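Chain by chain, the residues:
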Amino acid sequence: AQSVTQPDIHITVSEGASLELRCNYSYGATPYLFWYVQSPGQGLQLLLKYFSGDTLVQGIKGFEAEFKRSQSSFNLRKPSVHWSDAAEYFCAAAGFQKLVFGTGTRLLVSP
Amino acid sequence: SQTIHQWPATLVQPVGSPLSLECTVEGTSNPNLYWYRQAAGRGLQLLFYSVGIGQISSEVPQNLSASRPQDRQFILSSKKLLLSDSGFYLCAWNPGGPGNEQFFGPGTRLTVL
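Residue numbers (my numbering), protein chains in the order written: chain A, 1 to 111; chain B, 1001 to 1113.
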């Protein structure tokens, strides 16, 4: 069965430090992959997506993600975290007619 | 441009009461529509999705139901709420086709007392 794994439930990063959130997928073919962000009490906002082509994908708010087929990974990165980045982050992969989501990683930003 | 609306934004209901949450999409036609639930401290659980009027797929057996009476309207219902139905309910849509990128509504916070 298709699955998406986010191994980190919580991550704390100092403001200004770099960030990497991990995502691994289990799919038979090259998947369509997404990262979403959710602020408390809000809906999900798409940060970026990978369909094909360049394996390094740029998104909104200074985020990027790299698709690595050999590692079945699609990790999200940001070079310098801002306090406003504190939120829940979800990785997802496209299945038939629906998305398969990971369980999410909560990012805490310390001053 | 496309927009998605959910109402109400918040709802407090007693156990055993009925429920109706509404989701409406504007600016597109024949979207795929989805209902998700987030329990406190948990991830997203897909409840129902619909690829057309009157077509509903259920992902998790429970006391909730969904209907799609119009192309861009998706309704989540229950005849009798349980305490465990409390959570944050999210509606989403996508235009169909490969990739299934979804766009989410603002959500409804449901508290069952």
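For the record, the hints were derived by calculation from the structure and aren't laboratory data. Being a predicted model, the structure only gives us computed values, none of them experimental. Among the hints, a few may not be true.
Unchecked claim - Among the chain B residues that face chain A by a calculated CB cut under 7 Å, a handful are:
no., residue
1, Gly1043
2, Tyr1049
3, Asn1100
4, Phe1104
The beta-carbon is built from N, C-alpha and C at its ideal position, and this holds for glycine as well.
Okay, which hints does this one fail, numbers in order? none
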